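Peer 1: Please construct the entire structure, taking both the sequences and the accompanying hints into account.
Protein chains: 2
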Amino acid sequence: MEKTIAIIASLDTKEAEVAFVKEMIEKQGCKTFIIDVGAKGSESIVPHIRAEDVARAAGREWDSIYDIPKHEMIVGLLEGIAVLMPELYAQGNFDAVLSLGGAQNTTIGVSAMKSLPVGLPKLMVSTIACGQRTFESFVDTKDITLMPSIADISGINNLTRTILSNAAAAIAGMAKHAGVPLKSGQELIVGATLMGVTNTGVAEAVKLMEKAGFQVISFHSTGVGGRAMEEFINEGTIGAVMDLSLHEITSEMFGKGFSTGANNRLTAACNAGIPQVVAPGGVDFIDFYAKELPQDLNKRKHIYHNSNIVHVKLLEQEIVRVGEIITERLNKSRGPVTVIIPLRGLRQNTSPGEALYTPEVDNALIEVLHRGLRRDIKIVDVDANINDEIFSKTAAAELLRMLEQQNME
Amino acid sequence: MEKTIAIIASLDTKEAEVAFVKEMIEKQGCKTFIIDVGAKGSESIVPHIRAEDVARAAGREWDSIYDIPKHEMIVGLLEGIAVLMPELYAQGNFDAVLSLGGAQNTTIGVSAMKSLPVGLPKLMVSTIACGQRTFESFVDTKDITLMPSIADISGINNLTRTILSNAAAAIAGMAKHAGVPLKSGQELIVGATLMGVTNTGVAEAVKLMEKAGFQVISFHSTGVGGRAMEEFINEGTIGAVMDLSLHEITSEMFGKGFSTGANNRLTAACNAGIPQVVAPGGVDFIDFYAKELPQDLNKRKHIYHNSNIVHVKLLEQEIVRVGEIITERLNKSRGPVTVIIPLRGLRQNTSPGEALYTPEVDNALIEVLHRGLRRDIKIVDVDANINDEIFSKTAAAELLRMLEQQNME
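Protein chains in written order, with this note's numbering: chain A, -1 to 407; chain B, -1 to 407.
Rather than coming from a laboratory, the hints here were simulated on the basis of the structure. The structure presented is a predicted model; accordingly, all values stated were derived computationally and were not measured. It is possible that part of the hints are untrue.
As the list makes no split between identical chains, a pair holds if one copy fits it or if it spans any two.
[Claimed, not checked] Straight-line distance between alpha carbons at most 25 Å, and here's what the computed DSS-like set of lysine-lysine pairs gives:
hint, residue 1, residue 2
1, Lys29, Lys391
2, Lys174, Lys29
3, Lys209, Lys289
4, Lys299, Lys254
5, Lys209, Lys181
Peer 2: Put into structure tokens, the structure is as follows:
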């Protein structure tokens, strides 16, 4: 069946560019569905959705958005597009989304894309996908593909023709030959969290689950992955977890560092009541950028992870607070939970003689968990490091046991 | 003709994923050309280029890279891939590049992509295109498209299948239906620099050039654009410039702020000897992130550009230094130069009564330019703001005059 590409752009300034990509996309056998997010409309292109309609989706009843202050207009369009896109998609108006523009249009374009399911093709051609900007504000936890435009997108010249041709071909290719949104299916999918310093242990547990016939998706708990996993839990795509790297909780507590960005971790699985095997992997350190090291660094054990990032061991009172957060959140769980505690280190480099070996800190955490966790939460102490084989085996065995029990009920 | 996609990946850890995208790409009628950048090779896939061959391109004669320290190996592969890719491309081995992987593979993949011409399709599927990372280190000034993988790329599960299917379809679509590398053609292309606060004046000058029949590509001089333009000059794609926004020179002098990243501006056009119309647009302020404002802010005029960025007016001694840099660089020019000086403000918000109105600072710059520029460099003082019509007209008229003169010679 013919596929349709939604094009989100400001027709008042990007009329020629939209006409160009529209023609390119149609040449490749797809249809287009045009959403105008510019204030002043266009002479030659009649959009399927006008900017006023977008704003109206957010409850703004403007006859014309021409006279609204620019800031207010952008807020209206941002709110509106996030509401409108899932509706338009559910009605079958498009199979993929392309957007192109500068700062304002990029903000609106990615807001639209974030509201749509993973797997649905999303391509943002942006003048500002370069330089010092971070991915955070564009991508969030979604599969938003970004194509830097290099130059201003103003008129069709040799450079914009080259870039926009590639963009049109890429989005049409995805819509025609791939672009199947990820769905919560019948099959149970297991989510797992890992990071470089817990990778050995978690990856081995993942392999054991796969050998037992389960599909596992692994997420890096370095500021985005944990959040992405929790969204998949909320959507029902992931039905059980091996949440073995809670490092993002430490980052949340500090509010800064390399792995910030995933707040309120552990809540989705607890709310959903799905089986959870949890371990405090990587909660014993914070990853600071080398340029923003804490002032009391001389009091702290630390190790350079690479030239940009320093891993700094927590102090006792800090890890106690982390433990309290974990306890508080897990105690709200509606489903079965097993907490596995590796007694000989929560990450790499924590064995005797290694840079982050600090048993008194780890023990402070272990005590908080033992004391605070609800009685019906099973705790398994493993006399090993998180990257040791016995840890991986215990984690997989516990989850398999829970899933079996769930099946029997 | 059948198109070929180069796939850059570490076969030791990404064998299954490479096999998957290879099959998807071939289904769409393209061939693949596999470049292994992993240390340990693969059992089932024989690459066209082995990691040892990549390292050898950088002069490293390793029989096996299995026993080399990891850091040394990565440096060898990074250097090698940048040398090897243009050679392989020139020999006709591929028409597009796809790469997939984590931190190490992403570094190598984008290094390969940076070495290839704009327009040749480039798609990086990366676990680290998310969170706090900046575009700078991935994209540079090239059209490198980035697809975040959301989860770890480890094995084929529902999520990786979805992401990698889209990636394969996008790169095949680009290779088949677009993907024409930008070339330095017969036609003269004019480069122009602008930014938000000089946009009105420069955009009008661009329109006048277009009316006169010239193709113009505009670049945002906010840290990347100016550098991209200079690369196009070096490659011979751009043959004349309206370099009317030199703000990046101020950022270079301060070494920080939002627009850092384009160093040694003005040098490419001077070396190439192409016609230049230059104006000190936007050199009178630095755009600081709100969190890193200068300590003596109370002495300085400033204005919030948005909630993240503050535009801070330079002090007199600072703009004098900027003027000296401009003078020094332009005085090395091998071709014709006209400098246009807008006497009533180098950007928005500099008219009497506005936030950045500071004639004594602007005048200090004007004096340095008048005093220091080589006698054969034409200076045109315009009694207007850079965003006034007379400025745009003067800039376009000067460049048209130079191009006419060049034609007559």
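Peer 1: Of all the hints numbered above, which does this structure not satisfy? Sort the numbers upward.
Peer 2: Per hint list: 1 and 3 violated.
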